[in-house]
Structure formats: structure tokens, C-alpha cells
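Chains as they are written, first to last, in my numbering: chain A, 84 to 286; chain B, 84 to 286.
FYI, nobody ran anything at the bench for these hints, they're computed from the structure. In this text the structure is predicted, and so the values were computed from the model without any measurement. Check before you lean on any hint, since a few could be wrong.
So the derived list for chain A, only partly shown, Cβ under 10 angstroms to chain B, looks like this [unchecked claim]:
#1 Phe99
#2 Gln116
#3 Ile119
#4 Pro164
#5 Gln181
#6 Leu202
#7 Gly203
#8 Asp207
#9 Val214
#10 Asn233
#11 Phe237
#12 Ser279
#13 Arg286
Calculated from the model, a selection of chain A residues having no Cβ within reach of chain B, i.e. all distances over 12 angstroms [claimed, not checked]:
#14 Glu108
#15 Glu120
#16 Asp122
#17 Glu180
#18 Leu183
#19 Ile224
Cβ coordinates follow ideal geometry from the N, Cα and C atoms, glycine included.
2 protein chains.
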Amino acid sequence: MFIGAQVSLYPMTSDFIRVILSGLEALSPWRDQLRIETDDMSTLMVGAPEPLFTAIRDLFARVAREPAHVTLHTTISRGCPGEPDEPSCRCDALTVEQNLSLVERQALALAAINAAPRLGVKIDVQFSLYVMGQDRHMDEIYGCIDFLKNSGTFLRSKNFCTRLSGDAGAVFETVQQAFLRFGPASGHVTIDLTASANSPSAR
Amino acid sequence: MFIGAQVSLYPMTSDFIRVILSGLEALSPWRDQLRIETDDMSTLMVGAPEPLFTAIRDLFARVAREPAHVTLHTTISRGCPGEPDEPSCRCDALTVEQNLSLVERQALALAAINAAPRLGVKIDVQFSLYVMGQDRHMDEIYGCIDFLKNSGTFLRSKNFCTRLSGDAGAVFETVQQAFLRFGPASGHVTIDLTASANSPSAR
């Protein structure tokens with residue numbers, strides 16, 4: 084299994100270079116657990132889901148504490164058939180627990196959100212979950228949407244994506260659980276996610 | 084068939100509100116062919132692929148002509164089973180021509196890029212194409228990657244996505260052809276795309 088993300092930060096300020104570099108500093112504690120490589124468009128992070136989602140959360144929470152409007156976009160992927168197996172990406176939720184029923188997986192996902200730390204940073208997210216390579220991919224999507232509606236972070240459905248809102252800790256845990264608990268254990272599952280903070284626009 | 088996109092502009096300048104509003108003005112000629120609705124995180128555009136991709140191209144080309152570093156993210160979707168049928172989204176490339184072989188579709192896609200207008204605006208793009216709901220989704224993905232490598236806009240492969248570079252006219256035509264010509268005609272196909280212009284970072 085190969086798991087990772089391409090992550091980009093977009094601070095809406097003329098001081099954007101400093102804000103981006105400050106955000107990248109928040110990744111320092113994770114560099115021993117994740118492979119992290121930055122180019123001119125995005126930062127690649129490869130590793131197991133827990134450090135991966137926590138690192139993306141910490142990156143965004145750091146810059147969201149500044150006053151400027153900022154967004155983050157990430158493309159997250161697991162199980163792409165074109166990528167090599169990577170032992171550092173191993174994750175029990177994807178191996179031991181994926182044979183559980185949809186209802187049991189939904190319960191584990193909700194418990195994880197309740198246990199997630201609160202960071203005191205309010206964010207908005209919209210994201211899409213894609214499950215490839217099986218005929219009945221929408222069963223897992225609908226099961227995931229049921230979970231999201233009960234997550235406590237659900238804001239509303241939109242065309243092509245779902246809006247979440249709340250503390251960065253609960254919101255990123257919600258997305259991590261959507262990514263881990265739905266779709267086949269060895270399947271190709273991706274997320275297209277945008278996070279936003281300090282927007283001057285009203286919802 | 085329901086076809087559309089969620090589109091967001093991120094100008095890296097403290098003057099971002101003016102730049103975004105200027106970009107949205109570039110959509111005016113398309114409002115009779117597309118349903119366009121803006122909220123605080125993105126602009127929904129619904130309609131046939133040709134006006135849809137041209138409108139997104141024009142939106143980004145407008146703001147890329149300004150000096151500030153700017154990025155655009157869009158989530159583009161066709162055939163999502165959860166969306167209603169929408170007659171305005173009808174497209175011959177997706178109905179009449181989709182029964183052609185992979186090689187014939189690759190040739191049509193390359194011809195379309197050669198016929199695309201040049202806008203005089205240089206952009207970088209990275210994007211992922213997702214084909215859902217069939218067992219052998221990677222055959223179409225690999226066929227699309229072959230096309231991209233011959234497109235004249237290919238820069239390099241990255242984990243989880245492909246980099247393109249060139250004139251906005253050719254680059255957006257490349258992405259439109261990837262979206263239209265690969266994956267089953269009635270299938271669920273999506274694109275996760277980021278465009279960038281005026282970046283201070285070297286490639």
C-alpha cells in the first residue's frame with residue numbers, strides 16, 4: 084500500500100511567502116515519520132494515515148492562527164495501482180478493521196472524532212471522496228455520507244462535494260475517518276480537499 | 084448526464100478580493116450557457132464540457148495576466164450517479180464518439196489541442212483524473228497518460244498527479260480532452276486540478 088498527499092497552501096496576502104514558510108515549519112516534528120518533498124506547486128507527504136492527516140492539520144492550523152485569509156488544498160491517495168508498496172504506510176484501520184460491517188465502521192469513525200483533540204482553530208472544509216475500481220462504489224460513498232451527517236462537523240452537501248465546519252481537530256479527524264473507513268481495504272481511494280480560514284465572505 | 088465544476092481562485096496578494104471579482108467578470112459571456120453560483124468557498128458551474136472548460140480557462144487567464152501569483156483549483160465531474168440528468172450538459176464527444184478505440188480517441192484528443200487557440204498566457208497545471216465504477220479503471224488512466232505525454236503540454240509525472248505547462252489555451256484543451264475521451268461515456272469521471280501562474284518559485 085502506498086499512502087500520501089500533495090498539499091498546497093494559499094495565503095491571500097502579499098506576505099504569502101513568509102506565511103507558507105511558517106506553515107512548513109509546523110511539519111518539522113513529522114519529518115521522521117513522513118517523507119516530505121516540496122516543489123513549486125505542492126508538498127508531497129508519504130506515510131501512514133495518522134501522521135499524514137495530523138501533519139496536514141498542524142500545517143493548516145499554524146497558518147490559520149494568523150489574521151490573513153488562507154486556504155489549503157490537498158489531493159490524498161491510498162492504494163493507487165501505479166504506486167509501489169511502501170511499508171511505512173501500514174495502518175491497522177485499513178487491514179484488521181476493514182472487514183467490519185458498514186455500521187460498525189461508522190461507529191468507529193464517530194468514536195475517533197469524539198476522541199480527537201480540539202485545537203481552538205475554526206476552519207471550513209469542502210471535500211470529495213473517490214472510490215475506484217469496483218462496480219458498487221456508491222454504496223460506500225452513501226455509507227460515508229451517512230457518517231458525515233452524524234459527525235458533528237457536517238455543514239451541508241454541495242454538488243460534487245461535502246462541506247464541513249468546526250474545530251480543526253474534529254474536522255481533520257472527520258476527513259481521516261472518511262478516508263480510512265470507507266472503500267475496500269486494498270482499494271484505490273482518493274480525497275480532493277480544500278480547507279479555508281479567515282474568509283471575509285459570509286457563508 | 085450531469086456535468087459541472089466547483090472552481091476557486093486564490094490570488095496571493097492582499098488585494099485578493101478585487102482580483103477575484105475581476106476574474107468572475109470573465110465569466111459574464113458564459114452565463115447564458117452555464118449555471119453559475121458563487122458561495123464563500125467556490126463557484127459552481129454546470130453545463131456542457133466545451134463552455135465549461137472555456138469559461139474556467141478564461142477565468143484563470145484573466146487573473147493570470149495580472150502581476151500577482153495566483154492559483155485556481157477546480158473539482159470537475161461528469162456522470163456522478165448522485166446527480167440528476169441535466170439536458171444542457173449533452174456532449175457529442177461523450178455519446179457518439181466514445182465507442183471508438185483508445186487509439187482513435189487519443190488521435191481526436193491530439194487534434195483538438197492543435198486546433199485550440201493560443202492566449203499568450205503561460206500557466207502550470209497539475210491534475211488527477213479519476214474513473215469510478217469499473218474494475219479496469221487503470222487501462223483508461225494509462226491510455227490517458229500516453230495521450231498526455233504526446234500532448235505538447237506534458238511537463239512530468241508526480242505522485243498522484245500529472246504536471247502540464249504551456250499556453251493556457253493548449254493546457255486547458257489538454258485537460259478537457261483527458262476528461263472527455265477517457266473513461267466510459269456514461270461513467271463517473273472526475274478531475275482534481277490546480278493551475279498556477281506568476282509563481283516566484285523555480286520549477
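At a threshold of 10 angstroms, is the proposed contact between isoleucine 119/A and chain B supported by beta-carbon distances?
Interface hint status for isoleucine 119/A: violated (12 angstroms vs cutoff 10 angstroms).
Does the closest beta carbon of chain B sit nearer than 10 angstroms to the beta carbon of valine 214/A?
holds, 7 angstroms
Non-interface claim for isoleucine 224/A versus chain B (Cβ beyond 12 angstroms):
It is violated; isoleucine 224/A is separated from chain B by about 8 angstroms at its closest Cβ, not greater than 12 angstroms.
Any Cβ of chain B at or closer than 12 angstroms to glutamate 180/A, or is the non-interface label fine?
Answer for glutamate 180/A: holds, closest chain B Cβ roughly 24 angstroms.
For the hint on glutamine 181/A, does the least C-beta distance to chain B fall short of 10 angstroms?
Not OK, violated: glutamine 181/A not within 10 angstroms of chain B, min 19 angstroms.
Hey, does the arginine 286/A contact hint survive, CB to chain B under 10 angstroms?
holds, 5 angstroms
Against chain B, with CB atoms and a cut of 10 angstroms, does the hint on asparagine 233/A hold up?
At 18 angstroms from the nearest chain B Cβ, asparagine 233/A fails the 10 angstroms test, so the hint is violated.
Once the shortest beta carbon distance from serine 279/A to chain B is found, is it less than 10 angstroms?
holds, 6 angstroms
The hint names glutamine 116/A as touching chain B; please verify it with the least Cβ-Cβ distance against 10 angstroms.
The hint is violated - glutamine 116/A has no Cβ within 10 angstroms of chain B, the shortest such distance being about 17 angstroms.
Does phenylalanine 99/A pass the interface check with chain B, least Cβ-Cβ distance below 10 angstroms?
holds, 4 angstroms
Please settle this one: glutamate 108/A was flagged as non-interface, so is its CB more than 12 angstroms from every CB on chain B?
Non-interface label stands for glutamate 108/A: nearest chain B Cβ at 17 angstroms, farther than 12 angstroms.
Quick one, is the proline 164/A hint okay against chain B at 10 angstroms, beta carbons?
Cβ of proline 164/A sits 5 angstroms from chain B, so the hint holds.
Hints 2, 3, 5, 6, 7, 10, 11, 15, 16, 19, counting from the list given before, are not met by this structure.
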